[in-house]
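Chemist: Sequence:
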Amino acid sequence: MNGSNREEAVVSNKTKPEIDFPGGDAPTELQIRDIEVGTGDEAKPGQVVEVHYAGVTFETGEEFDASWNRGSTFKFPLGAGRVIKGWDQGVVGMKVGGRRELIIPARLAYGNQSPSPLIPAGSTLIFVVDLISV
1 MNGSNREEAV VSNKTKPEID FPGGDAPTEL QIRDIEVGTG DEAKPGQVVE VHYAGVTFET
61 GEEFDASWNR GSTFKFPLGA GRVIKGWDQG VVGMKVGGRR ELIIPARLAY GNQSPSPLIP
121 AGSTLIFVVD LISV
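Every letter in the sequence shown is one number past the one before it in my numbering, and letter 60, counting from 1, is 60.
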């Protein structure tokens, strides 16, 4: 087994994160906090990245989505505009094996749109993202 596969196995064994609800006023800029810094390859724009994630709304702390609940990871091309802007900006620089919290203001998420009943228009979102592979 080479180094990156071993790292991938370690990340895959992580459990679904508990998301700390910060309270107070929602931030107006993207906030990035590394919960755990990975030791693998760094995520760069143009790469396809594989993540596990959980998301809650800042206003209520209610979970609206989690790849963990489906038991499968999510892959997307980083920086290609296929996900919300907060993800395209917030996942850059993560290293495989890392866990990062992203607090994403509405303008970098869904703006004044409501993509589902669980995400009201204008919502600030909190995600905890685990980088599985690049």
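Hints listed in this document are in silico derivations from the structure and should not be mistaken for laboratory results.
We put the CB at the ideal spot given by N, CA and C, even for glycine.
Keep in mind that a hint or two might mislead.
Computed list of lysine-lysine pairs in DSS-like fashion (alpha-carbon distance at most 30 Å, straight line) [as the list claims (entries may be wrong)]:
#1 75 with 44
#2 44 with 16
#3 95 with 44
#4 16 with 95
#5 85 with 16
#6 85 with 14
#7 95 with 75
#8 85 with 75
#9 16 with 75
#10 14 with 95
So the derived label-pair ranges between C-beta atoms look like this [unchecked claim]:
#11 116 with 46: 27 to 33 Å
#12 34 with 77: 31 to 37 Å
#13 46 with 107: 30 to 36 Å
Chemist: It remains to establish, for every hint, whether it holds in the given structure.
Modeler: Results for each hint:
For the suggested pair residue 75 and residue 44, the alpha carbons sit about 14 Å apart, so the restraint of at most 30 Å is met. About 24 Å separates the Cα atoms of residue 44 and residue 16, which keeps this hinted pair within 30 Å; it holds. A distance of roughly 10 Å separates the Cα atoms of residue 95 and residue 44; the hinted pair therefore holds under the 30 Å criterion. Between residue 16 and residue 95, the direct Cα distance comes to roughly 18 Å. Compliance with the 30 Å bound is thereby established for this hinted pair.
Under the criterion of a C-alpha separation no larger than 30 Å, the hint pairing residue 85 with residue 16 is consistent with the structure, at around 23 Å. This hinted pair checks out: residue 85 and residue 14 have alpha carbons roughly 26 Å apart, not beyond 30 Å. Between residue 95 and residue 75, the direct Cα distance comes to roughly 15 Å. Compliance with the 30 Å bound is thereby established for this hinted pair. For the given pair, residue 85 sits about 15 Å from residue 75 by alpha-carbon distance, which is consistent with the 30 Å threshold.
Pair hint residue 16 plus residue 75 holds up; C-alpha atoms about 17 Å apart against a cutoff of 30 Å. Restraint check for residue 14 and residue 95: the C-alpha separation of about 15 Å stays at or below 30 Å, so the hint holds. The supplied range of 27 to 33 Å is met by residue 116 and residue 46, whose beta-carbon atoms lie about 29 Å from each other. Separation of residue 34 from residue 77 is about 22 Å and departs from the stated range, judged on CB atoms against 31 to 37 Å.
Against the hinted window of 30 to 36 Å, the Cβ-Cβ separation of residue 46 and residue 107 comes to about 24 Å, which falls outside the hint.
Of the numbered hints given earlier, the model fails hints 12 and 13; all others are met.
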